[in-house]
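Trainee: Next come the chains, spelled out residue by residue.
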Amino acid sequence: MTEKPRIVVTVNPDGTVSAETLDILGDDCLDYIAVLEDLIGGKVRDSAFTADHTRQRTFGTQQQVNRDVDPA
Amino acid sequence: MTWTPPERSGPRSFWWRLGHSAWLLLPILSFGCLSAAGFCYVGIRARREAWWVSGIIYTLLANVCFFVGPELPEDSVWSTLLVVALLCTWMVSVVHAVIINAAWLRWRAAQHPWYLQPQTPAPWPVPAPSAQLPPHLQGLAPPPGHFYGGPGGPQPAAPYRSAPGFPPQPYGDPAITTPGSWLPPPYPGSPAPVPPPVPPDPVPAFGEQAGGRTLFEPIAATLDVNRAEAGEFATLPGIDADRAARIVAARIAHGGFHSVADFTAAAGLAPHEFVAIRDRLTCTPPPPQHVQDQPFGRIVDV
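Residue numbers (the numbering used here), protein chains in the order written: chain A, 1 to 72; chain B, 1001 to 1302.
Any given hint might turn out to be false.
[To be verified] Partial list, derived from the structure: chain A residues whose beta carbon lies under 10 Å from chain B:
#	residue
1	Leu25
2	Asp27
3	Glu37
4	Asp46
5	Ser47
Derived from the structure by calculation, the hints contain no laboratory data. Glycine residues also receive a C-beta, built at the ideal position from the N, C-alpha and C atoms.
With the rest of the complex left out, here is chain B (with noise of 0.2 Å):
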């Protein structure tokens, strides 16, 4: 393995490259005493064990030749044997502080501060093709690229469906919306009768295209069951005409529908029948009926 030497300009000038030495000062000018902490600061950056751990081998040799050496006779053969133990410590940690900083220098010019790394986003991933699911579930799972768009860009909107059992309606319809329309009472003595719904605004709500489409499921409009009429009754799924109108029948026979398990049970629905139309079915309570003929007051027998 060869090492190509950087340019010689940037960081990797000659300046640079002596300001990155500049930790070299501390064994040699310190008599290696304070060899650690250029070794350590090398050591630590670069995560090599070995440098910091042999400059503190070379500190803790010459502090103690340092300073045992002048506490013994100067003439006495310890006191010569630690001068020059010093002098061999504080060369060797020279020598070696010299060898670690090549690999110190090449370790810092290829090193990229994270403020300077240039910030590409990921790539999308590209999702691995679908195993092909059986019959029954081919119409369950929205197909890749639905909701996001896919590695081919943008996917159409999926076209507009009703949900299903519902036929589509639109929202809106003049039949059901227009006041007067369906709001004649279908028994006597029935209750105010409720406002119109606001016309839908002109301006596209959210969730809503131009052209009356949603993108969400629309929303039913919902029947009264004590207001609507037969033929009202009739676009509910699982209701004919025939069975619209025995509703209304019973619903006039019994003075109005006192819930819409009441409903259900004139209509004689399923419970599959019932569930299709529970959340398009509201029940406004017939009002107490009051009988003309009857004495206002207590009967007492004496």
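For reference, chain A alone in the conformation it holds in the complex (with noise of 0.2 Å):
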């Protein structure tokens, strides 16, 4: 199961701010660009995608194998 959304934000020495989303999977993540710039007031200079952007959502499935019944 994947966990609660996040989003870090990390003001450095410099004045730069860089922004890591955690748990968001897929696209949704590019929603959150447009957001970070209104909040920031800023303009995006670099961006990449995070190892969540291709981590396939996993689903607690559970199965029953029944090991008494013989196949043949």
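Starting from the two chains in their separate frames, assemble the complex, guided by the hints.
Mentor: If you want it as structure tokens, here you go:
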């Protein structure tokens, strides 16, 4: 199961701001770029996808195998 | 506090006073037995609790004296007392009613029915001067009276602005909308071209002003990543001529893009660059590739 989505915003000593989305899978993280730009009041200079972009959502499905039955 | 009598005309004339004093007939003509009706009428209308409460007390006393007195012997002391009490109650109620009537007429003359009150529109509230915004928020909040007319009258419309990151482009650019100038198939075997968009109506549409200026954000022309030329790619923000050439080369090499994500990967766009142009990109799937030399049928190993 995926955890609660988070955005970690770090203000660097040189004044730049870096942000990283956590547990936001796929292209959903792209929607937060405009949000962060509005909050910070600047334009994004560089960006890259994290591993969460290609990570698939895992669902807690369980499969029960009845081993007492002979498959033959 | 002095009260000035109203003018002798209109609703405050003699007949108006006489008509609104008609409730006095109830305590006068009924010997106080129906005083409560008149007192309650004026007391409830004028919201004076003392008026209708006293009227109920007068009515109770008068009714007791009026109905109990005849049951007693005529020459008894109690009968005489009840008759005297009835007369006193009646006289007191009439005097009280006359006193109340003066205040009642005063209150009635000061009343204006709701259906006769002039309907004056409420004045438009003048907004308080807002505090000075921080420098980084100056461009976010619209000025006062931007959407509605302020106290100084309607404000002029905001100037035309393009979206941040998008260069201002006129709607209906002939370089894009002219048929034949942007539809040559960039790779062999592409599907039939999409019909060109309808030229803009000369009559200004909703939200559009004369001269091609719109009140809302302009609708940017979309580009099909499988049909656009390098020059059209170069018009997108974040894509220069070299990157546009690499995109076209990758498209020819792969036989077309299967999705916008393929285009993004081939162009090497960063996420924030892709966000700026993703609303302007469309992808028509390329046709399936047929290998001419491959024999039709199934190969079976025996």
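Trainee: Next item in the hint list is Glu37/A. Is there a CB on chain B closer than 10 Å to its CB?
Mentor: Nearest chain B Cβ about 8 Å off; hint holds.
Trainee: Go through the hint on Leu25/A and say holds or violated, using the shortest Cβ distance to chain B against 10 Å.
Mentor: Given a least distance of 14 Å, the restraint on Leu25/A is violated.
Trainee: Using the nearest Cβ pair, does Ser47/A come within less than 10 Å of chain B?
Mentor: holds, 4 Å
Trainee: Less than 10 Å between beta-carbons is the criterion; does Asp46/A satisfy it with respect to chain B?
Mentor: holds, 7 Å
Trainee: Do the numbers back the hint for Asp27/A, that is, is its least Cβ distance to chain B under 10 Å?
Mentor: Cβ of Asp27/A sits 8 Å from chain B, so the hint holds.
In this structure, the one hint that does not hold is number 1.
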